[in-house]
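J.: So you can see what is in the structure, the chains are spelled out below.
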Amino acid sequence: MGPAIAAEVERVSGAARLSSTLVDQYARQALAFAYHVLGNREDAEDVAQEALIRALFGRAPFRHEAAFSTWLYRVVHNLCIDRMRAEKRAPCASLDAQDYRINGDAHRDFDRVLEIAALRQALDSLPPAMRSIIILRDVEGLSYDELKSVFRIPLGTVKSRLNHARRLLRQALEAQK
Amino acid sequence: MNCVKAKDVLGMYLDGELRQRHRCAVQEHLEACESCRGELTSLSSISARLSSLPVCEPGEAFYRRLFQRVWEQRQPASTMSGRYVWGAALAATAMLALFLTLRPPLEPVEQATRPAVSAPQMADVRPEPPARLSAASQLAQVADASATQAPPVNPSAMPKPLTQPRRLRVARGVTAARAPRSPSVEESPSPTPQQVAAVSEALARLSTVAQETGDALHRAVVLQAKRQETARETLESAFSAFAVSPVTTGEVPETHEL
Chain C
1 MGPAIAAEVE RVSGAARLSS TLVDQYARQA LAFAYHVLGN REDAEDVAQE
51 ALIRALFGRA PFRHEAAFST WLYRVVHNLC IDRMRAEKRA PCASLDAQDY
101 RINGDAHRDF DRVLEIAALR QALDSLPPAM RSIIILRDVE GLSYDELKSV
151 FRIPLGTVKS RLNHARRLLR QALEAQK
Chain A
1 MNCVKAKDVL GMYLDGELRQ RHRCAVQEHL EACESCRGEL TSLSSISARL
51 SSLPVCEPGE AFYRRLFQRV WEQRQPASTM SGRYVWGAAL AATAMLALFL
101 TLRPPLEPVE QATRPAVSAP QMADVRPEPP ARLSAASQLA QVADASATQA
151 PPVNPSAMPK PLTQPRRLRV ARGVTAARAP RSPSVEESPS PTPQQVAAVS
201 EALARLSTVA QETGDALHRA VVLQAKRQET ARETLESAFS AFAVSPVTTG
251 EVPETHEL
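If you read the sequences in order, they're chains C and A. First residue of the first sequence: 1, per my numbering; consecutive thereafter. First residue of the second sequence: 1, per my numbering; consecutive thereafter.
Derived by calculation from the structure, the hints in this document are not laboratory data. One or more of the hints may lead you astray.
[As the list claims (entries may be wrong)] Straight line, CA to CA, 27 Å or less: simulated DSS-like cross-link-like pairs of lysine-lysine:
#1 Lys7/A with Lys159/C
#2 Lys7/A with Lys177/C
#3 Lys148/C with Lys5/A
#4 Lys148/C with Lys159/C
[As the list claims (entries may be wrong)] Some chain A residues close to chain C (C-beta under 7 Å, calculated; not the full set):
#5 Gly11
#6 Glu17
#7 Ile46
#8 Ser51
#9 Pro58
#10 Phe62
#11 Leu66
#12 Arg69
Beta carbons are placed, not taken as given, at the ideal position from N, Cα and C, and that holds for glycine.
Full structure from sequences and hints, please.
T.: This is how it looks when you write it as structure tokens:
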């Protein structure tokens, strides 16, 4: 295991058993964030796995300047941007029933799918940096200080970028009506 | 506080990131401004909708693929051989470049014009070769012998063989083809002791560099092997909670249990 997660394991408890819990926790964290940014399960899994491998084998530098989870978010964010640039296409929202948690109630399921599709479309219209910051704040619940560490930008820029992202998202949602 | 300022900080107000003084000012403004209250409601609604987005959770296929990629990453053979090959290629290129720089033009194998170098003259710079030579020492001796045959003092003064074998002419390329032919066979001048000493010193440095390069490569390979072994042991303990049997053959486990 790379020095990044090994150091994190040691910092948290030093118990070898906990490392598997950490791997699971970070896998969930990386996959959830990548999925919200990319909107596609297949691409999100690929990005999350790549981020975890970089963590395990220490390819990307983890300098203990911030929490490991913050560092992992930054790696996932950069990988998502690389993926979007490489493919040069808009994110393709997944239509997997498992992702939408369809439970068999046709009317509620239909409304739920429409709601998610609208949000997904509005998110996809945002620039990648705006999309990431609003997801990390409103979905993942990161604080402003954590956002500052993830994107390596000043606190004032975090505030203005988040404000701008919310304004853009609201305009995109209103444009759908 | 006016509406413009209030709308700029409504997001921070919603996130609880405003200081007490500013928070009170925004609250006072919200009580008096219906437009800003609507804006706050809208922001709050969007945040709530975003937080209700479905979460993508890793399934069994995700972990299986992750394990597979992890095992692929820790293949020690390919990693080490790649580094070793690149390092060895670099060292070989450096040695070849130095050798080609030092050596004089090739001559026919039939060394009828081999210069007479007395044994006592060479004894102080080159010892008797052992029975089994290493590659570096063989290279050094070849370069040494070539240098003593015809030191490249002046290209125009270099001896040119009258009948050069076709294979050598082709190998030497354009330079050899354009070289003016000598009217007759001339004897190569004997190297001066200073030239012999300079070549020997350069070869000694070459041997030292080759030895150091080899040592560095060896250390790198050993270090990489240790890192791979540490990674394997830690990964196995890390993933032990998934009841994955330790992989010793590089194959991906078929199933695992949470």
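J.: Now tell me if each hint is right for this structure.
T.: So, going through the hints one by one against the coordinates:
1. Under the criterion of a C-alpha separation no larger than 27 Å, the hint pairing lysine 7/A with lysine 159/C is consistent with the structure, at around 13 Å.
2. Taking the CA atoms of lysine 7/A and lysine 177/C, the gap is near 23 Å; set against the 27 Å cutoff, the hint holds.
3. Taking the CA atoms of lysine 148/C and lysine 5/A, the gap is about 23 Å. The hint holds against a cut of 27 Å.
4. A distance of roughly 9 Å separates the Cα atoms of lysine 148/C and lysine 159/C; the hinted pair therefore holds under the 27 Å criterion.
5. Checking glycine 11/A against chain C: minimum C-beta separation of about 5 Å stays under 7 Å; hint holds.
6. A hinted interface residue such as glutamate 17/A counts as satisfied when its beta carbon comes closer than 7 Å to some beta carbon of chain C; here the least separation is about 5 Å, so the hint holds.
7. Restraint check, isoleucine 46/A versus chain C: the minimum CB separation of about 6 Å is within 7 Å; hint holds.
8. Given hint, serine 51/A at the interface with chain C, holds; its Cβ is 6 Å from that chain's nearest Cβ, closer than 7 Å.
9. Here the hint on proline 58/A is kept, as its CB sits about 5 Å from the closest CB of chain C, short of 7 Å.
10. Given the 7 Å rule on beta carbons, the hint for phenylalanine 62/A holds: about 5 Å separates it from the nearest Cβ of chain C.
11. Taking 7 Å as the C-beta cut-off, the interface hint given for leucine 66/A holds, the closest approach to chain C being about 5 Å.
12. Using the Cβ-Cβ criterion of 7 Å, the hint placing arginine 69/A at the interface with chain C is satisfied: the shortest such distance is roughly 6 Å.
The earlier numbered hints are all upheld by this structure, with none contradicted.
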